[in-house]
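Chemist: Listed in order, the protein sequences are those of chains A and B.
In terms of this note's numbering, the first sequence is numbered consecutively and its last residue is 127.
In terms of this note's numbering, the second sequence is numbered consecutively and its last residue is 1384.
Errors might be hidden in some of the hints.
Chain A residues, not near chain B, derived (Cβ > 10 Å throughout) [unchecked claim]:
#	residue
1	Pro2
2	Ser5
3	Ile39
4	Arg103
5	Ala112
6	Asp116
Among the chain A residues that face chain B by a calculated CB cut under 8 Å, a handful are [what the hints assert, rightly or not]:
#	residue
7	Met1
8	Thr62
9	Met87
Everything labelled a hint here was simulated from the structure, so no lab data went into it.
In this text, a Cβ means the ideal position worked out from N, Cα and C, and glycines have one as well.
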Amino acid sequence: MPAASASPLAIYIEHLKRGELGYQFSPSLNRAVFYPRVIAPETGADDLEWRVSKGLGTVHATTVVHPQQGTPFNVCLVDVDEGFRLMSRVEDVAPTAVKIGMRVKFRVHTPAGDEDPYPVFTPTEGA
Amino acid sequence: MSTVTRGSVAIVGAAESDLGAVAALMSPLDLMAQGIYRALEDAGLTLKDVDGLFCATSQARTSVMSLVEYLGLPNAYTDSTIVGGSSFEIHVAHAHAALEAGLCSVAVVAYGSTQRTIGRRASSAREYNPYETPYRPFLPAAAYAMAANRHMHEFGTTREQMAQVAVAAREWALLNPAAWEKKPLTVADVLNARPISDPFTVRDICLVTDGGGAIILTKADRARSMKQKPVYVLGCGQSITHASITSMPDLTHTGAIESGAQAYRAAGLKPADINVVALYDAFTINTILFLEDLGFCPKGEGGRFVEGGRIGPSGALAVNTNGGGLSYCHPGMYGLFLLIEAVRQLRGECGKRQVAEANAALVHGNGGVLSAQATVILGNSATA
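Could you put the whole structure together from the sequences, leaning on the hints where they help?
Modeler: Dropping the structure here:
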């Protein structure tokens, strides 16, 4: 295995900076891999290919976190159509309105300051 | 795949350190040492007999190195596997193998935490995960909350059923003088408590206390002539399915299915043979998930199973007789306390909360966010 020119996380962030949800696919596993890695789990192969998701998914599980200070907010797991799951939140609706099975669409959230962008989702209906 | 011998080692000493809110400036190592002193006294042994040390704590990065120094045992056989709250069930499995292989002759498993005194955040700093931390998931609660959300969705489990788990734990705790919680609790109290991460309120979530303890293990032939009735290690199992909740293969099926199967197989027992059950109840959903995954009821039936006080002091199945992490104590990583209570039940020392004919105990540890599952089946002379 040659020296890495960029880390899996750095490549993931570069995709987000281009407005893309990047993920890896392993031919040896014949499925998507997320979070991004250097080698494929189980097979151990260095065959991970970067792909770009269409950005559509379904809420798999959801909660409303009630912080001691500040307003309640959503945290959820989204199953993206290409076959991987990530943690995220659904925006543009009340956190209590986020439900299992809700169809959602990816967008990039770019925090203020020098924090890296990350993926969030919005409901597809009414979009 | 167990190659160790059923019942070849026994727990011969068990004790808690100070619990609850301990004296100012006590360290996690001080609490381990207190637990070790008391457990050795319980066993009729001294520190000079100890040649194996197994420990874990989130407050000492190289905990077994610190413990070796504290106790002055430079040649001890050591292991500080740390996978969260189930570390100690795994230590029992490792001690079983080490004792049988002759790598040590008297093994101590120890734990200590001052998380109540110094604050939960300070006691176990969470690693930054670039794929999760930006969403501010209040961990571990939000992870377990999403598992509960799935369980409610897939099986119709209700908030009231989850609250029943907390109520049963409290009823047991009221019979345990060492328990932190001293007042009765109702289902309405649980539902109306401060929300933390839906569906959980603060009463669905384990306590934040200080505490520690130790257990002592040795070979069974030696144990039989010692001070206490031996509690034999009949079978162990473990399964680590993920580290972060995003990677959990199935939010309603835990690694306890596998760890339990391994332990039952090694012990030659089945769920119906077990009369003392100690399940890591960090959250109310845990008890429901583990009752299912360890075969006490079918998958999806856990919510209905715990209704009507079935797992409380007057119920059909004795679960978490010390009051559990929900009402007895929960100093960060609770797995050792499950073992201590099972030992006491199998010896028949539990007074008002003693389970009749307690001969076989299933102890199930949970670590991380339903990540590291480890099961230990223990028995007294009637079962061994």
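Chemist: With reference to the structure, classify each hint as holding or not holding.
Modeler: Hints, one by one, checked against the model:
1. Pro2: Its Cβ never comes within 10 Å of chain B, the nearest being 24 Å, so this holds.
2. Ser5: holds (19 Å)
3. Ile39: holds (16 Å)
4. Arg103: Holds, because the least Cβ-Cβ distance between Arg103(A) and chain B comes to about 16 Å, which exceeds 10 Å.
5. Ala112: Answer for Ala112(A): holds, closest chain B Cβ roughly 13 Å.
6. Asp116: The claim breaks: Asp116(A) does not keep its Cβ more than 10 Å from every Cβ of chain B (closest is about 7 Å).
7. Met1: violated (22 Å)
8. Thr62: With a closest approach of 6 Å, the Thr62(A) hint holds.
9. Met87: Result: holds, 5 Å to nearest chain B Cβ.
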